[in-house]
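*Asks:* All chains, full assembly: derive it from the sequences and hints.
Using numbering that gives the first Met the number 0, you'd call the opening residue of the sequence shown number 0 and step up by one each time.
Among the hints, a few may not be true.
[Stated by the list, open to error] In silico DSS-like cross-links for lysine-lysine, where the CA-CA straight-line distance does not exceed 30 angstroms:
hint : residue 1 : residue 2
1    : Lys128    : Lys31
2    : Lys31     : Lys119
3    : Lys112    : Lys31
4    : Lys128    : Lys112
Please keep in mind that the hints were generated in silico from the structure rather than gathered at the bench.
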Amino acid sequence: MLLTTETRYRLLLVEDDDVDAMSVQRACQQSKILCSLERASNGREALERLRSAQAGTPSGIQRLILLDLDMPEMGGLEFLRTLRADPQLQSLPVIVLTASESDQDRLEAGTLKIAAYLRKPVSQDSLLKALGQFTRCSRSVG
0 MLLTTETRYR
10 LLLVEDDDVD
20 AMSVQRACQQ
30 SKILCSLERA
40 SNGREALERL
50 RSAQAGTPSG
60 IQRLILLDLD
70 MPEMGGLEFL
80 RTLRADPQLQ
90 SLPVIVLTAS
100 ESDQDRLEAG
110 TLKIAAYLRK
120 PVSQDSLLKA
130 LGQFTRCSRS
140 VG
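*Replies:* Have a look at this one:
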């Protein structure tokens, strides 16, 4: 999904699994939310994309990160810690999508100010609900 003049939301999916990525893409298309969706396959690639896109995001476009925790190179929790330590990126909202059943992962992600924590397999309904809450919240704030 490309950035157009009608785009209201820019989503970055940080996910190394192709099947999970296609599921998220389908949910975004079904949501009717005017968004662009980019994908990074690990945390390091995601940070590079976010930093290079920082200046290129038009005003009025809300950004959201959909994050898997278990990835190669830089995992989700390390990515979250780095994101929250970066003054330019620390306020970006993050929805975690993970297969992890670890209470420790959930607690640590929670301390890193996530918007939602969804366990895989994520139903399209729960993902659409989380996206809907984000878009309603960002419209009332922005």
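*Asks:* Now, for every hint given, state plainly whether the structure supports it.
*Replies:* Verification of the hints:
1. Lys128 / Lys31: 12 angstroms, holds
2. Lys31 / Lys119: 22 angstroms, holds
3. Lys112 / Lys31: 27 angstroms, holds
4. Lys128 / Lys112: Status holds; Cα separation ~19 angstroms.
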